[in-house]
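A.B. asks: Okay, here's what each chain looks like letter by letter:
There are 2 protein chains.
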Amino acid sequence: MADYVPPLPDMQFVLRELVELTSLAQLPGCEEATPALVDAILDEAGKFARGVLAPLNCSGDRQGARWDSGAVRTADGWREAYGQFVAAGWNALSCPMEHGGQGLPRLISTLVEEMWNGANVAFALCPMLTRGAIEAIDLHGSATLKQIYLPRLVSGEWTGTMNLTEPQAGSDLAAIRARAEPRADGSYRISGQKTFITYGEHDLADNIVHLVLARTPDAPEGVKGISLFVVPKFLVNADGSIGSRNDVRCISIERKLGIHASPTCVMAFGDGGGAVGYLIGEENQGLAYMFIMMNTARFSIGLEGLGLAEGAYQQALAYARQRVQGTAAGTRSGAKVAILRHPDIRRMLLLMKSQSEAMRALACVVAASMDVAQRHPEPETRRRHQAFVDLMIPVVKGWNTETANEIASLGVQIHGGMGYIEEAGAAQFLRDARITTIYEGTTGIQAIDLVGRKVARDQGRTIRAVLDEIRAIERQLRGHDEPALGAIAHALGAGVSALAQAVDFIVTTFGTDVRAALAGAVPFLKLFGTVAGGWQMARAALAAQRRIDQGDSDTAFLRAKIASAHFYADHLLTQAPGLARIVCAGAPAVLQFTDDQFIGAARQ
Amino acid sequence: MADYVPPLPDMQFVLRELVELTSLAQLPGCEEATPALVDAILDEAGKFARGVLAPLNCSGDRQGARWDSGAVRTADGWREAYGQFVAAGWNALSCPMEHGGQGLPRLISTLVEEMWNGANVAFALCPMLTRGAIEAIDLHGSATLKQIYLPRLVSGEWTGTMNLTEPQAGSDLAAIRARAEPRADGSYRISGQKTFITYGEHDLADNIVHLVLARTPDAPEGVKGISLFVVPKFLVNADGSIGSRNDVRCISIERKLGIHASPTCVMAFGDGGGAVGYLIGEENQGLAYMFIMMNTARFSIGLEGLGLAEGAYQQALAYARQRVQGTAAGTRSGAKVAILRHPDIRRMLLLMKSQSEAMRALACVVAASMDVAQRHPEPETRRRHQAFVDLMIPVVKGWNTETANEIASLGVQIHGGMGYIEEAGAAQFLRDARITTIYEGTTGIQAIDLVGRKVARDQGRTIRAVLDEIRAIERQLRGHDEPALGAIAHALGAGVSALAQAVDFIVTTFGTDVRAALAGAVPFLKLFGTVAGGWQMARAALAAQRRIDQGDSDTAFLRAKIASAHFYADHLLTQAPGLARIVCAGAPAVLQFTDDQFIGAARQ
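Residue numbers (the numbering used here), protein chains in the order written: chain X, 8 to 611; chain D, 8 to 611.
One chain only, chain X, in its complex shape:
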């Protein structure tokens, strides 16, 4: 396993050149997020990720979480690491100040989360779910619920979960069957089974606060009859102390491809007569509340993709630098060289590096808009940024994670035979990344959300505003003499044209032939992600060139950034027209294929 090195120079570049860190501190509530404080936080988070979390990544994977008679024991060292995490205040970083949090902007927590994920994604999942629970209770919970649960969730003393999935209800939450019976005291009794519950049971904290979707007896069918409940593992006494055990238990954990150290639990509610639950907000509004949490969670899964991609890249680069094999290309004699010297290894490393940079830049731009959308004094500015955020969340989730899988697989490939050996560490990135395109909504679900709610619903208005911004960057690039910038301009121009064509197709087709629009939804998401990533890399190249022109001394970093953007343009943006062709012309071949044509051949 290579050491995890927090990618602070690139983070600093993004914060200074691609988002307006200084104007962030002018937003109400962000006054403390000065560049100096942000630097200090990133520095400390990097030390924690590198020094505490990364060393447990491989051993946690190997040992895994273990189930025994309803209890779940985390891997050796995890309880201590979680204790340090909480003691250092990391859990409270982006949490609301009125409940003990530090209230830092999403932009900052985005980069901090990247580091947790790059160092140890199985660990990072636990506080990620706690944040989701905090958000749901904070937005819609009663004053009592907030008072009882938020301070201890914010501190990390207790952790949170999201209990959505049931065996028959995965992507289709309308099929949820868990029941909630109201009691005279205002509480409910929850019963039913939930599956795929991340950190549903563990030994890291004293209590676990489950957020559970269930149906009240008279609830309408489908998504309009789902309510959201708080169901603690241990009931909480009036004085805030831990009371008796609630009627919820973990009946098994899954044997998974990856994230072995993160227990994925089957949870049984109410086997002993009903778990005590407390309604959040109003009955039958549960899905709406859950969607707010899910948007945050989806963005966070996109950051898992980013963190894993960066980690896999570092691992592969370290191997490529030390592994000596063969002579320089085109020679048979001469000294043996590190495989980093071989052109195809460089190509693969550049695919990993340039896309990781693009993902980071895109995630930060979206995170900065989240902060503006939440805090800016002008409603129209808030609305504009929120529309951009809503548009981009399925892209950050879907494209980052699909790309992370490709990157992790390239990392294995660069290792050659060693990539297949678990001890080397490359394979774990692939195994861990493989869940990210699935949970919190598969890439297919993200793509349906993107083409339906985010592109077609407003007739393409929001995405076309993005296209205009990309075209403005293209024009700026064309004004430069630097050949790399010209190459980027060319590829970006072709990419944005391809995307515009695909947007026209989606907007025109969604209302008239929804199946044709959906047949190209995932290729559309990949196309948008590719072009949006290229847009950010183009902005990065422009900014780097500007700093070089201004005489900045850090030319090594800045020239590498331009070169990385150039690679991205020539190897990734150039694939945009092919993707647009699938979106615009690929549907008939998908939709004309009949069920019998699939099934006939399988009948024997």
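In case anyone wonders, no lab produced these hints; they're calculated from the structure.
Just so you know, these numbers come straight off a predicted model, no measurement behind them.
Some clues are possibly wrong.
One copy or two, either will do: identical chains are not told apart, so a pair holds if it fits within one copy or between any two.
[To be verified] Straight-line Cα separation of at most 16 Å, EDC-like style, residue types lysine to aspartate or glutamate; simulated pairs: (1) Lys343 / Asp179; (2) Lys343 / Glu228; (3) Lys153 / Asp246; (4) Lys343 / Glu489; (5) Lys231 / Glu289; (6) Lys153 / Glu164; (7) Lys153 / Glu105; (8) Lys231 / Glu290; (9) Lys153 / Asp465; (10) Lys231 / Asp179.
Got chain X sorted already, so can you dock chain D onto it with the hints?
C.D. replies: Using the frame of chain X, we list chain D on its own:
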């Protein structure tokens, strides 16, 4: 785990429409390979794959091979299955008749191998390596070696291995250090350590015949000083009975991402003074001999890709048919439907299905050429077919396996959350497939072989003959009214033009700027594979249309074939221009990136 169903209808279609099975039986030595016999063999092999091998695939993965004090125990049931495999004569299928084999054409064994791989790739590896050992001894071994070893390797009573890799010598075999000291009796004493030795030790057979690359004391440096030896686990007495234990042992086995049931061994030769070895052919010719075996082995790994892709497809289709989730696209009410009904699931299944069919067709066309190249009476015909085979082997190896990885990952994706759970079986295909782009030469190594030895060396003559054949198919397609055939013609035309452009670039550039040619070698391989697969799918569509026009009653299968080819054209062939752009214009961005630009950012 879904049942494995041998894809016999598609195999029959390929044998009848895409290769000339009837003229195969006219080749010298192939007289017995009549269509009736071939049908019977495929039928029986299908039963064995489905009934004996497939049921051990998941349990073998879970249990794995176990090392204990130098011995390796295979998973429960494997020894019995291997016994049945040998008893039924499957090991001898394509082996030379003079040593007890059945001498069946490569075309037939290609489809049989696909079934072993589709059912249980970890099992199939063992006889695959035995075939390699048989081939090397048969081609270059002395009469004595042949007489002692071949009958029992052919029967499967003993198994074979390939001992190439050493810790410092992976892709770079020039770095091999294992030593071979000649003795007065003509034998050698072998010493050194070999790693990544598949089935280097196991309990399936009474003896293991290692083929080992090593250096004699006066051997020249590099690849010209490597010799090939037979080193049996147990020495063989003059009467053919098993003698004393040779000085070779398995000192550990690897913990791997996949193929858990196939032991990957670290082998120590000569720790007790020297393992007895017997030279094959002449000293210092070992690499040339090994390359002959390696070509066969590389083709076989391509068949692993094919088998795994088909298996993953069947698994995903079975899940998509039974998993009910959501309502039909564009509706919110109405009955819940199987996910097979959702457009994006269909798109993914068609990616899996159409590419598996393309791989199968391409592999069979190459295998048929192997038979002609080996057996045809006319030297010019043999030469022409051998050139085609040499050109295509890195493509079948590299493109099939890269594609198999994508297909196996799509299989996981179709399963949603269940795809991540090991019990479901989808993840195993992904884990097992991940080695196929690595062993027997990584995709990068295949691509170097392709652009250097196979395309540039003859100035593109062989590949341009293929381009002409593809253009002839395109012209035939244009003569049809059927819209699907027109769509295929259009995409194939664009694909072949893109490939022709890339060939021009490689031929022009390889001699003048080898690094620029190599920077695009893997994209070139993927481009060639994509277009070659599209060529075969286009041929299949033409043949299917011809049979429909002739009044064939099996229109369901034939129309599905045309529809599958149509999908391939619109979703895969359309990506060819983008790949060609990387080959022709992507090198500068790869090569201008400096070592320092990689390393600088990692220094902290």
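A.B. asks: At most 16 Å between alpha carbons: which applies to lysine 153 and aspartate 246, within, between, both or neither?
C.D. replies: Within one copy only: 14 Å inside a chain, 86 Å across chains, cut-off 16 Å.
A.B. asks: My question is about lysine 153 and glutamate 105: at a cut-off of 16 Å on alpha-carbon distance, are they close within one copy, between copies, both, or neither?
C.D. replies: within (10 Å within a copy, 84 Å between copies)
A.B. asks: First find the shortest C-alpha distance between lysine 343 and aspartate 179 inside one copy, then the shortest across copies, and answer within, between, both or neither for a cut-off of 16 Å.
C.D. replies: between (56 Å within a copy, 9 Å between copies)
A.B. asks: Cα distance capped at 16 Å. Does lysine 153 pair with glutamate 164 within a copy, between copies, both, or neither?
C.D. replies: within (15 Å within a copy, 72 Å between copies)
A.B. asks: Given identical chains, is lysine 231 near glutamate 289, meaning Cα to Cα at most 16 Å, within a copy, between copies, both, or neither?
C.D. replies: within (12 Å within a copy, 79 Å between copies)
A.B. asks: Reference check for the pair lysine 231 and glutamate 290, CA-CA at most 16 Å: within, between, both, or neither?
C.D. replies: Classified as within: same-chain Cα gap 10 Å, cross-chain 79 Å, threshold 16 Å.
A.B. asks: With identical chains, the pair lysine 153 and aspartate 465 could be close in the same copy or across copies; at 16 Å between alpha carbons, which is it: within, between, both, or neither?
C.D. replies: For lysine 153 and aspartate 465, neither the intra-copy (36 Å) nor the inter-copy (76 Å) Cα distance is at most 16 Å.
A.B. asks: Give the relationship of lysine 343 and glutamate 489 under a CA distance limit of 16 Å: within one copy only, between copies only, both, or neither.
C.D. replies: Neither, since 35 Å and 57 Å both go past 16 Å.
A.B. asks: One pair to classify: lysine 343 and glutamate 228, alpha carbons no more than 16 Å apart. Within, between, both, or neither?
C.D. replies: between (69 Å within a copy, 13 Å between copies)
A.B. asks: Could you figure out if lysine 231 and aspartate 179 sit no more than 16 Å apart (CA to CA) within one copy, between two copies, both or neither?
C.D. replies: So lysine 231 and aspartate 179 pass the 16 Å test inside one copy only (13 Å; across, 63 Å).
The earlier numbered hints that this structure contradicts are 4, 9.
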